[in-house]
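Visitor: Starting from the known structure of chain B, arrange chains Y, D and W on it as the hints suggest.
4 protein chains.
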Amino acid sequence: MPFAFTRMNKIIGILTGDGDCPGINAVIRAVVRKSIVYGNTVIGFRKSWKGILEKDIYPLDMNAVSDLMAKGGTILGSSRTNPFKYEEGPETILKHLRELNVEALVAVGSLDTLMVAEKLFERGCPVVGIPKTIDNDLPLTDRTFGFDTAISTVTEVIDRVHSTAESHDRVIIIEVMGRYTGWIATYAGIAGGADCILIPEKPFSIDDVCKLIRRRHQRGKDFSIIVAAEGARPKEHNRFIVKTDRVDEFGHKQLGGIGNFIAQEIERLTGFETRVTILGPMQRGGAPTAFDRVLATRFGVKAADMAERGAYGKMVSLQGNDIIEVKLSDLIDKVKPVDSALYEIAEVFFG
Amino acid sequence: MPFAFTRMNKIIGILTGDGDCPGINAVIRAVVRKSIVYGNTVIGFRKSWKGILEKDIYPLDMNAVSDLMAKGGTILGSSRTNPFKYEEGPETILKHLRELNVEALVAVGSLDTLMVAEKLFERGCPVVGIPKTIDNDLPLTDRTFGFDTAISTVTEVIDRVHSTAESHDRVIIIEVMGRYTGWIATYAGIAGGADCILIPEKPFSIDDVCKLIRRRHQRGKDFSIIVAAEGARPKEHNRFIVKTDRVDEFGHKQLGGIGNFIAQEIERLTGFETRVTILGPMQRGGAPTAFDRVLATRFGVKAADMAERGAYGKMVSLQGNDIIEVKLSDLIDKVKPVDSALYEIAEVFFG
Amino acid sequence: MPFAFTRMNKIIGILTGDGDCPGINAVIRAVVRKSIVYGNTVIGFRKSWKGILEKDIYPLDMNAVSDLMAKGGTILGSSRTNPFKYEEGPETILKHLRELNVEALVAVGSLDTLMVAEKLFERGCPVVGIPKTIDNDLPLTDRTFGFDTAISTVTEVIDRVHSTAESHDRVIIIEVMGRYTGWIATYAGIAGGADCILIPEKPFSIDDVCKLIRRRHQRGKDFSIIVAAEGARPKEHNRFIVKTDRVDEFGHKQLGGIGNFIAQEIERLTGFETRVTILGPMQRGGAPTAFDRVLATRFGVKAADMAERGAYGKMVSLQGNDIIEVKLSDLIDKVKPVDSALYEIAEVFFG
Amino acid sequence: MPFAFTRMNKIIGILTGDGDCPGINAVIRAVVRKSIVYGNTVIGFRKSWKGILEKDIYPLDMNAVSDLMAKGGTILGSSRTNPFKYEEGPETILKHLRELNVEALVAVGSLDTLMVAEKLFERGCPVVGIPKTIDNDLPLTDRTFGFDTAISTVTEVIDRVHSTAESHDRVIIIEVMGRYTGWIATYAGIAGGADCILIPEKPFSIDDVCKLIRRRHQRGKDFSIIVAAEGARPKEHNRFIVKTDRVDEFGHKQLGGIGNFIAQEIERLTGFETRVTILGPMQRGGAPTAFDRVLATRFGVKAADMAERGAYGKMVSLQGNDIIEVKLSDLIDKVKPVDSALYEIAEVFFG
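Chains as they are written, first to last, in my numbering: chain B, 21 to 371; chain Y, 21 to 371; chain D, 21 to 371; chain W, 21 to 371.
Okay, chain B solo, but in the shape it has when bound (with noise of 0.2 Å):
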């Protein structure tokens, strides 16, 4: 057929880094089915560009993509290798693509493997990027996908937890991952119907929190919910640390505890019997949810297209309902803080 003549097949790359999330899966697919039908192919690299490095690559036709998904995680594996702290590294990226004749490489990623896409990009990598974070605290993108599982997995703790608070009459904390950001803490917060919901964007008073606990038990409640992200911080003890000799996968210092501390001042303070439970590491995993799912896999069918026009130096982005492209040079290494005005939502909730 004519379309033949008019152009050479590709062969795409695609690799997945930083901390997993549900619907990477389902991203790999959408980026080997669409480019199938381009007639292009598809070689994925084995634990982020750890996997250009050392030519350690993963085939991915139909077969492998198939059943993938509602599968959790990442078939390619993951890693925190930067090619920028090797030496020659970028160089040895483009050698590497070059000499597996690979003219479009999708990377899917968190802003540390985004920032480095776009390094290698303005070094003539033919990049193109797919934001991905539980967090949802990405710029330049309404959403990302793994978030709205992220929020699921935690709202259906709450749920749960609801039940035994109010037969108990007790004070539970939940502890819930975001480091720099408390979009988890404020959807999951609202969805699960938290008395109160504490982040590392508002530093809080333990003395308002014990008010509010106490408020409630004066209008007959009992018990208490409070929803605490991992990097939330009491203004009383701006000195407050966490010890921790743990660095997360981002190699950053890991803080924690916050959810341990919150129940020991409550107790201290308010005397009401207080249980804690932190989340951790369930909070990524998973099959992905059904709006995950579909925006995953516009991302994917998106990056297939990009690469197969050649627009480089791009990532796809969620804007209202539509996907659409935006450059990576935009992106800054700054984190997206929650929407004040949800936030503001929550608080009508509060007490």
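Keep in mind that the hints were calculated from the coordinates and are not lab data.
Take the hints with a grain of salt, since some may be wrong.
Which copy is meant is left open, because identical chains are indistinguishable; a pair holds if it fits in one copy or across any two.
Computed list of lysine-lysine pairs in DSS-like fashion (alpha-carbon distance at most 25 Å, straight line) [said to hold, decoys possible]: (1) Lys70 <-> Lys241; (2) Lys91 <-> Lys241; (3) Lys354 <-> Lys231; (4) Lys241 <-> Lys75; (5) Lys105 <-> Lys139.
Here the structure is a predicted model, which is why all the values come from computation and not from measurement.
Guide: Then chains Y, D and W, alone, in the frame of chain B:
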């Protein structure tokens, strides 16, 4: 405080009409909670407009709405009552609202209820609309709550039948809601990885469906999952009507049975064993998803703001990330068809 | 170690027959894992007895069964092949097993597969049986895995329709699996709080059903939820047969459609709006519940022990808390009807 | 009707004590519904024995228990009140029951509540016991309701963390309930495919755990999931105690923090990145599973029968498939350890 000087507190009425969907109770809760912040009082009317005509009131204080967030259905009940079909109906509505000192009326419903609300507004009724439908085919808003829960339910069903289909080389038809539009079929079909999606907007060819199934067999996929909206219709049988004496909750003649029709045709034409799942009312039920809870809450809070401000003759609407106000008079009695770009994405995965 | 002296390692074959159900893959995983502990090797046969007749083998090492626990269906596939319907069928089975050095064969299936296993055992086949059916109507064992998952699915559906039924004053019929017995209908009906449960073991009177619905209306319950096993039959219409040219996976003529019949009768006799949900194949699917995963694992481990010991001609069985061995020859081709004491408990909540 | 002649209707009291668990409301519903069949009246007492001491009554008619089946927690509330710790406590209990004409008292609870019930029975209190605990470690019954829901919740969490663990080469510790016994850890661990399960019944060696993790790495499994009951203790650190000033709902000093201890040790000894999920109260919450709903309903119906018959001083119990009666005096203040055969099955899948 000066505030108290400038205004008298309001009595706000609320009713829920048309088919129920997950999130209505979350809306009621939000309207009540935000109104309490304003010092306003909320009363519910039972079974839609019927409750005003019969002064059937449901008092809604803080306790009445606690524990409502996750509850499906509507505590106010619903009905098909249309005051314009009653003699003196509209006048009685206005008279009773005056007698009950209701200064603002929040009407939660689909097109039917909102059109009635608009016509009453033209007669001087201080109405604020909140759109709701699981079908997502309501104009003037990007999304309606209930839809996300419905597609989650349907997607889970598709996931479930997948393993049986695969183990037994079966064709499985899943008949889902969508009398006039294919939103649920398309979204859930993409999310569930359906091999074919049939919607009212695109009359289908049963022969093409069979071709697709055979093509899958040729590449070793001995099973197929087909999602069909109840309103989907075959080209070849454009005279084909499923006879029924049942009318739906909107008073329309109820179509249906397309799932069984397709199954019989496929078995007749291909000889492949075929099974049918007809989801019916379960698609309206269950606890709302986190997404729907937050959307419903934002709608309810916004409606309470509008009732406070006296922004009547309008309805709340989701546009991108924002909750805005649109004129009820801009509503036309016409459903919003599936976004064709979205259906094209679904087609990428057909066969 | 002396152990090695006393024996040569065995090759163990495994096949899965009849309708699939959640937990089969967990059984396969358990047989393989425990056999590896014994130093035995396991090979799978594809599509039940067909796999032995055609020497269609699926190698099952440790990696092949990792990540299988939560997977519905059966990775080995299933079929209705009955070797006794093939000329030289049984002889071929024994011949091929000898040629493949298979010293023990684990047959996972319902009554049909297990009866075949028994007849082959009489001809010298070293078979160990594992009972499975979502219908829970298999004799000689308290429970079969798959059943708990099926009733969980159906119960969730009943929960979902509850809110709609209540909000709209509807009668909702849920047609569930159970061609010959009402185990699923009775268990899920009790768990979902059904107002009436119709099962094959007890022909029902449509008039009594309508009486019950009217009685509920009299006490202000304007909705009713009726769970009907597909094999339930009305007294009044003892000549009533639902015509169908479809045969089920057991080769029996498939009954069905009772849900629609009841709905039409109720609307005709009471005038109450009625809706139907026909669950169909979704009841077989999905990830197994924790209960089914543990039961399937215990069955699989026990079967591996029996294969190691050479305890042939027997099947595993749950008795109280214990997994025991029973003779396949004690199986009779007769399903186990619903425990009448259990149905009486369900009746306490009727009307 | 003659029936009315032969007997006077009874007033039956019911209370729920100790930690809440899914299914208690289903029990209350069943006791009330079956008692109504007998023409008996049921009244609830709020917050366990406290409700009798203070005559704090909750009327339980048919409407009060409708819609209760799926509701977690207990509508009657619970407390740690022990009448024997009050002066004249037991006498007051008996006196108040007489004054309220309560002829039979159904006590739903764990060991603490049931031991109190037995001691009151010896003083003439007409008590019927219903055992409940999510820990499944109550003697004299095969199962308690709440356990199945708890293991379902934990199993889902293990499923969720699996994908993250696999994508990131992590060790993930899941700390679950089980202060004195490892029932939840063992059952959910088997169901979730845990690579190691640590329980109070078997002090563990942290070195063995690290060996196991390293062995997995050697065979290419770079991740491990460890389920630890909160009461699990390491051999090497037999002096190891987690300090805490918190007491649990049984008045015992609360242990805990073992999850963090293990995580730190594993990182220290193996260098592998480790994450912790501490489930806490969410394990008590949520809608009961179908299994727990049916078991709770059978318990409740049986208790209503016993109250009617006057079979006092006994509790209901599940034995195999049957609900039987056992003497409360046979209860000893000692939990039931995990079935060692079950733990051995878990061990098959370790490493």
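Visitor: Determine for every hint whether it applies to the structure shown.
Guide: The hints, checked one at a time:
1. Lys70 <-> Lys241: Only across copies: lysine 70 and lysine 241 sit 19 Å apart there, 54 Å inside one copy, limit 25 Å.
2. Lys91 <-> Lys241: The answer is between: 18 Å across copies meets 25 Å, while 41 Å in one copy does not.
3. Lys354 <-> Lys231: Close neither inside one copy (34 Å) nor across copies (41 Å); limit 25 Å.
4. Lys241 <-> Lys75: Between copies only: 21 Å across, 60 Å inside.
5. Lys105 <-> Lys139: within (13 Å within a copy, 67 Å between copies)
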